[in-house]
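In the order they appear, the protein sequences are chains A and B.
If you use my numbering, the first sequence closes out at 449, no skipped numbers anywhere.
If you use my numbering, the second sequence closes out at 898, no skipped numbers anywhere.
There could be a bad hint or two in this list.
[As the list claims (entries may be wrong)] Computed cross-link-like contacts, DSS-like style, restricted to lysine-lysine with a CA-CA straight-line distance of at most 25 Å: (1) A:213 x A:195; (2) B:644 x A:100; (3) B:662 x B:647; (4) B:549 x A:391; (5) A:213 x A:198; (6) B:549 x A:388; (7) B:662 x A:112; (8) B:840 x A:100; (9) B:662 x B:644.
Calculated from the structure, these hints are not laboratory results.
Protein chains: 2
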Amino acid sequence: MARPAPLSGFPEWLPEGRIVEQHVVDTFRRTFELWGFASIETRAAEPLDELLRKGEIDKEVYVLRRLHAAADEEDAGRQLGLHFDLTVPFARYVLENAGKLHFPFRRYQIQKVWRGERPQEGRYREFLQADVDVVGNGELPFHHDVEVAQVMAEALQVMPLPRLTLQLNNRKLIEGFYRGLGAPDVPAVMRAIDKIDKLRPDAVRELLLTEAKLDDGQAGLCLQLAAISSPDAGFADRVRALGVSDPLLDEGLEELVRVVEGVAGLRGERFAVSADLRIARGLDYYTGTVYETRMAGFEYLGSVCSGGRYDALASDGATTYPGVGISFGVSRVLAPLLSRGLLRATRSVPSAVLVAVTNEDDRAASAAVASELRSRGIPVEVAPSAAKFGKQIRHADRRGIPFVWFLQSGDGGAVGHEVKDIRSGEQVAADPGTWVPPAEDLHPRVVQG
Amino acid sequence: MARPAPLSGFPEWLPEGRIVEQHVVDTFRRTFELWGFASIETRAAEPLDELLRKGEIDKEVYVLRRLHAAADEEDAGRQLGLHFDLTVPFARYVLENAGKLHFPFRRYQIQKVWRGERPQEGRYREFLQADVDVVGNGELPFHHDVEVAQVMAEALQVMPLPRLTLQLNNRKLIEGFYRGLGAPDVPAVMRAIDKIDKLRPDAVRELLLTEAKLDDGQAGLCLQLAAISSPDAGFADRVRALGVSDPLLDEGLEELVRVVEGVAGLRGERFAVSADLRIARGLDYYTGTVYETRMAGFEYLGSVCSGGRYDALASDGATTYPGVGISFGVSRVLAPLLSRGLLRATRSVPSAVLVAVTNEDDRAASAAVASELRSRGIPVEVAPSAAKFGKQIRHADRRGIPFVWFLQSGDGGAVGHEVKDIRSGEQVAADPGTWVPPAEDLHPRVVQG
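If we strip away everything but chain A, and leave its shape as in the complex, we get (with noise of 0.2 Å):
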C-alpha cells in the first residue's frame, strides 16, 4: 500500500507522545484509587434509542452496521452506536447492576469516546476522556460534591499541564437568584447567561430583555451576578450585596461555599480556583454544584474538565440515582501540547539501558545481562545486531536510552562488564548484578518543553 495519510479528527501519538498521554492517565488512576474509587469500563457500543435520550448531541453519534448484515437484520434488531461520552454507559451501567454494586458507588472511567462530527469541520471524532463519579441509590450526601471536586483537584495540581483553573458554581444559586428576582421563565435566563463567553455584553443584554422578558433593572442584575468572580468564599457578600433573596439562593450560597473551600487549600503554582458566577453548563441537567475548568494559554479550548451534581443521573422507575462527578479532556488538553512540543517525554522508549553485542555467538552473554538488570527492575533491551559499538551507540542515542553495556572478554575466560553514560562519555566498571541507574534515568519522565 502507499504510505496512507492520517484520518482527521482520529489523533494518535508517535511513542514519545503516547508515553506522556500514559504519564496521564497513570496520575489519574493512582489519585483516584487512593481516593477509593474503583475502575470500570464500559462496552464501546450502546442501543441507538439509548444514546438518543440525550437529545442535544444525536446528530454526533457513530451508528455501527455490520458489513454483512442480513437485510432484514438492522430493522429488526436494534441499532448500536458508539457511545459520545461515559455518563451515559456510566447510567447505563449503574441500571443493569444496581443488585450487585454497593451504593454510594464510586467509580472511574478512563476511555475513548467517538462523536461523529462532519470530516470537514477538524474536529475530534475519537478521543479519550478521565471521568470520576459518586453515584448515590436514592440519595447522595452533598460532602460528595466537595469530594469529586478535591480528588480532581489532588490530580491536576500534580499534572505537568500549564497553569489550570477550576471554576466552580451552583445551579440552585443561579435559579434561586434569577426567581428570587422575580424572572418570569428561569431556563431563558440561564440560556442566555450560557451564551456570555461566545457573544458581546450587549447582545446578552438583549437576549435577557427580549427571550427571558426581564426588565431592564432585573437584566442588569443577571449580568452582575454572572461578572462575580472570586478565588474564596468572598463572593456570597458580594451576592448577597445585590440585595436579592430566595430559599434556593441561599441553598445554593452554602453549597458553594463548601466546595470552594474544600479545595482551597489544593492551590499552587499550578492550579488555582475560582467561584465564577457566569458558569451554568446550560445545555446539561445539573442540579446543583458546576465544574469547569480553564488551562492558561488555551482559553480558546473552553473548558478542559467539566462536570457537576444530577439528581437524577439514572432512574429505573422504582429507584432514582442521584450522582455527582466530573471530567477531563485527556486528547483535547494533550493535542495542542504535544503538537508545540510544550509537553515532552525524556526518551521514546522505556528502556533504561541497551545491552551492546560484541558479535552474533555471544549474544546469549548480552542476553543474560538484559535478564539480570530487568530481574531488578531496570528496563532494558539488548542491541539488534553486532555492529561496531559507535552504530550501537548511536542507536541508543537516537532513542534517549541513557546507558549501553558493554562485555569485554578478558584472560582466562572472565568477562568484563562496562557501562557508559551515552550523554556524558563516562564509562566504568559496573556489576550486573547491583549496577543500578539514577533514579531519574530509571523510567522516562514526563517534563515541559
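Fit chain B to the supplied structure of chain A, relying on the hints for placement.
Coordinates of chain B only, in the frame set by chain A:
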C-alpha cells in the same frame, strides 16, 4: 428507563472483575516495558478498503456511519470500519510514521477490537487484546523471533491463570518437509493439516489424498510429522528420522530449535513449552515461526495467544517491513475464568481503609486522617454517613475493605485514633502519620478462586 439487559457479545465486568483485568494488563505492560517495548494506541477506525485487504475476515467488520450524514457523503468519502485486530492498524501506523520511528521498532498495544459477528452466535463482538511485536525496516534478524516468545512467556509465567502451554512451530519446517517429500501442492497440504484439530484423522488423510494429491506414503509422513510434539529440541531428531530432506526444512528445524531452547528456561508449574509440529496457522500470512497457546481445562477456547513471523508485515512498494509478534486474548481468557469464579480480587474497591465519621460536623477530622494516609500511598475512603459504627463497619465489610479507622474525642480536645481489622476484630491505637497496613492488604490482590 427500565433495567437494561446486557448486550450479547459485549462483555463487561463488575468492579471486582475489572481489578482482575487491570492486574493482567498491568503485568503485560510491566513485562513489555522491562524488555524495552514502547506502548502505542491506534485509532479504533480504519478506512474500510484497508481493513478488507485481509480478505478472510471481511464479513465480520463493523462499518461506521454518521447518524445524520448527508446523503452523498458516504459515497464521496472513504467509509470507516472498526479494527478487528491490532495487526492491520499497526502495519498502517508503521507505514504512516515510518520516517519518525526508529527500527527495529519494538511496540506493544493493549486495546479493544471489534468484530461484527451475528448477534445470535454468542461470540464476542468487542474484546481486549494484548499484542507485542518487533518490526524491521527491510530486514529483521531471526533472534527477535526468540525474543518475542521470551517476553510473552515471561509475562504469562507470572499470570494467575490455569496452566498455559506455549506451542511452537515453523512454517519453513513444514513447508520444506512437504516440498522435500514431493507434495505437488504445498498450500493444499497445509490447509488439510490445519484441520487436524477439527476433523477425524481419517478425514484429514482423505483430504491429503484427494485435495493435496499425495500418495499413501506421503500422506502418512505428513500425519507422522504433525503428530510430533516435544517439550524440548528432541523433536529435531524425530523429524530427521522420517527421512525427508530439503534446505528449507533444515532452516526451519534450526530456527525452531533456537526458539524452543530460548524459552525452555521459563518453564514452570503454570507454564509449559512444546514444539508442536501440527500448528500451521493456515489462514494467516506467517512465513517462519508460529506461536499458539492452550490453557489447561479450556482447550475448547482454541489458542488464547498466537502469532508468528511475517516477512512482510507492511510494505509501501519501496520498502518492506518484516515483523514478528504475538497476541494474547485478554477478554477471551478472562470471561470464562471470571464467570466461573476461578479468578477473583480480594476486594471490589481500591480502598484499604474506611475512615469512620463520628458525626457529620466532624467529617473534616476524618477527611484529614484520610488525607494523611493517602499522602503515604494508602488508598482510603471516608464513610459516606455518620451512621452507627456497626453500620459503617458493615459498609466496609460489603466491599472487602479490611480496616476501619475510628476517631475518638478524648479529654481536653485531644483526639484518639484506633484502627480495627474487621476480619479479626482486633482494634488497636494507631497514628495516622505512621500506621501502615500489612503489605498484602495495601492493594486488592488477584487470586485463583
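>> Please list, smallest to largest, the hint numbers that this structure does not respect.
In response: 2 and 7
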